[in-house]
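Based on the hints, put chain C in the right spot on chain H.
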Amino acid sequence: MREKLLTILTSEGRLPDEEIAERLGLTAQEVADAIAEMEADRVILGYRALVDWASTDVERVFAYILVEGAPEHGVGFNRLAEHVARFDEVHSIHLTSGTADLTVVVEGRDFRDIARFVAEKLAPTPGVTGTSTSFVLKTYKLEGKLIGETTASHRLAVSP
Amino acid sequence: MSVQQRPERISKLARELRPSGIREFFDLVVGMDDVISLGVGEPDFPTPWRVCDAVIDSLRNGATSYTSNRGMIELRVEIADYLERKFGASYDPEEQILVTVGVSEAVDLAMRVLLEPGEELLVPDPCYVSYGPCVEMAHAVAVEVPTRLEDEFRLTAEAIADASTERTRGLLFSNPSNPTGAVMRREHLEPIAEVASERDLIVISDEVYAELTYEGEHCSMPTLPGMAERTLLLNGFSKADAMTGWRIGYACGPAEIIEAMTRMHAYTTMCVPIMAQIAAIEALRRGEDDRARMVAEYDQRRRVFVNGLNRIGLECFEPMGAFYAFPSVRNTGLTSAQFAKALLRDQRVAVVPGPAFGPAGEGHVRCSYASSITDLREALARMETFLARLEAGEVDLEQ
Numbered sequence: 001m002r003e004k005l006l007t008i009l010t011s012e013g014r015l016p017d018e019e020i021a022e023r024l025g026l027t028a029q030e031v032a033d034a035i036a037e038m039e040a041d042r043v044i045l046g047y048r049a050l051v052d053w054a055s056t057d058v059e060r061v062f063a064y065i066l067v068e069g070a071p072e073h074g075v076g077f078n079r080l081a082e083h084v085a086r087f088d089e090v091h092s093i094h095l096t097s098g099t100a101d102l103t104v105v106v107e108g109r110d111f112r113d114i115a116r117f118v119a120e121k122l123a124p125t126p127g128v129t130g131t132s133t134s135f136v137l138k139t140y141k142l143e144g145k146l147i148g149e150t151t152a153s154h155r156l157a158v159s160p
Numbered sequence: 001m002s003v004q005q006r007p008e009r010i011s012k013l014a015r016e017l018r019p020s021g022i023r024e025f026f027d028l029v030v031g032m033d034d035v036i037s038l039g040v041g042e043p044d045f046p047t048p049w050r051v052c053d054a055v056i057d058s059l060r061n062g063a064t065s066y067t068s069n070r071g072m073i074e075l076r077v078e079i080a081d082y083l084e085r086k087f088g089a090s091y092d093p094e095e096q097i098l099v100t101v102g103v104s105e106a107v108d109l110a111m112r113v114l115l116e117p118g119e120e121l122l123v124p125d126p127c128y129v130s131y132g133p134c135v136e137m138a139h140a141v142a143v144e145v146p147t148r149l150e151d152e153f154r155l156t157a158e159a160i161a162d163a164s165t166e167r168t169r170g171l172l173f174s175n176p177s178n179p180t181g182a183v184m185r186r187e188h189l190e191p192i193a194e195v196a197s198e199r200d201l202i203v204i205s206d207e208v209y210a211e212l213t214y215e216g217e218h219c220s221m222p223t224l225p226g227m228a229e230r231t232l233l234l235n236g237f238s239k240a241d242a243m244t245g246w247r248i249g250y251a252c253g254p255a256e257i258i259e260a261m262t263r264m265h266a267y268t269t270m271c272v273p274i275m276a277q278i279a280a281i282e283a284l285r286r287g288e289d290d291r292a293r294m295v296a297e298y299d300q301r302r303r304v305f306v307n308g309l310n311r312i313g314l315e316c317f318e319p320m321g322a323f324y325a326f327p328s329v330r331n332t333g334l335t336s337a338q339f340a341k342a343l344l345r346d347q348r349v350a351v352v353p354g355p356a357f358g359p360a361g362e363g364h365v366r367c368s369y370a371s372s373i374t375d376l377r378e379a380l381a382r383m384e385t386f387l388a389r390l391e392a393g394e395v396d397l398e399q
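Protein sequence lines correspond, in order, to chains H and C. Sequential numbering from 1 applies to the first sequence in our numbering. Sequential numbering from 1 applies to the second sequence in our numbering.
Rather than coming from a laboratory, the hints here were simulated on the basis of the structure. Please note that the accuracy of each hint is not assured.
Listed below are several chain C residues computed to face chain H (Cβ distance under 8 Å; list not exhaustive) [stated by the list, open to error]:
id, residue
1, S37
2, G41
3, E42
4, Y128
5, Q300
6, V352
The following label-pair restraints were derived from C-beta to C-beta distances [claimed, not checked]:
id, chain 1, residue 1, chain 2, residue 2, range
7, C, R389, H, L142, 42 to 50 Å
8, H, A28, C, R186, 30 to 38 Å
9, C, E318, H, P16, 22 to 30 Å
For glycine and all other residues, C-beta sits at the position ideal for the given N, C-alpha and C.
One chain only, chain H, in its complex shape (with noise of 0.2 Å):
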């Protein structure tokens, strides 16, 4: 049920419990139970819209930064990724296979933002070797939803 709830909730967040319900054969309790109890077990973070800031007149700029470090004895990556996974910049940090440690990906109102971030936080970080910066020019797909996808229907109106 917690996969068919998540499928639900990671497409359509804001659906109100009776309707889930509705689509899966449950109850409304039931959705509200099992919900709450993935937010208690952390499984669930959080619920937010998925934005195309690139269509508003709000200045949001994201950069990936892949960081290459120095493995600590005992713990790995995991100290410096926590110490940079809790600056505000930080939308997201994952410990990733190639040739970074760290793949972060850095919000900011425009790219000095980044870029200062980046020079004064970021580089300085006891543990940090090197960082390699993209600035993200052009969204096409964001967890899983096109950008501008159209809704165009091609099927004729009545059919066998």
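Here is chain C on its own, set in the frame of chain H:
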């Protein structure tokens, strides 16, 4: 310049072939704005991108030729694997499978291969709109076997026995059913298999909606004891793989039937377009998750829509397959056609009158729930308004 019409040039068969009851309704809907159509017999999902991508890639590599008449052997092997692992039906890809232009071509070929002029083929009433005309195009006679709401419109062995004569060659039906959404499980199929064996009938089993079976497994006709030798299984990619426009399906059955169908297919069609075959191979090899995702979505819509119909007072049995609901409109006092026309004009919701699929469909309308939940909810709201206006005498039925 006026061109003189000379209908006598048209064959008697073609002159007498009636247009589909759906056509009339299509003409009414075309040109109207803001219509929510529940009349659509195809998925609202686009073909999964992995399938399109495989075809784009094949075009870059110059795969634009004819293929074997039977269809590419790679595809037939995939079809055989799929039928075995999914439904437990075994077919030899060399001799027992023919790839066709949708299930539609397979139905047409089957009729011409299996029926002598004047012989009879049983079809359920109501059923898919092409069955009867395809029988007639083979100069044979389609005999409608009435099905009843009490049986959730399932065929019964008794009704088949009652409708059979010494001229009856076989039976053609879809399971799950278009238009009713009814599903025949193993316990419903076994008595029919028995009658078929007793009377030496061929069963043409259209299982194009097999993947769209909710709650429980689809039972495939040829897997019943003794039925493989007397069943022609039809299936395709239109519904479960959202591939209607690719026009590709297949027929599986006894080698001599497939061989005869292949000879006709070779003369009329040559082969199914290679692009569609490549799409189908990709769908079979890597489409399992896509199918599961779409089926889960239809299942949710089904619950929402059928609950909604019953809530607003259009009584509907729970359809366990396909993506159709077949609610009763009897308590409105209108015929199916009156209901559908008035609903379209008054609230701009299109449904298909049940009799378009056979006289036993009277009193019902077919609603497809292959639409977004938002559209389904809006359609339900409009239908509720319509019923209230009808009750209050505010709907103009004379238009």
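Hint check results:
1. S37: holds, 5 Å
2. G41: Interface hint status for C:G41: holds (5 Å vs cutoff 8 Å).
3. E42: holds, 6 Å
4. Y128: OK, holds: C:Y128 within 8 Å of chain H, min 7 Å.
5. Q300: Holds: closest Cβ of chain H sits about 4 Å from C:Q300, inside 8 Å.
6. V352: Holds: closest Cβ of chain H sits about 6 Å from C:V352, inside 8 Å.
7. C:R389 with H:L142: 42 to 50 Å: holds, 43 Å
8. H:A28 with C:R186: 30 to 38 Å: holds, 35 Å
9. C:E318 with H:P16: 22 to 30 Å: At roughly 23 Å between Cβ atoms, H:P16 and C:E318 fall inside 22 to 30 Å, so the hint holds.
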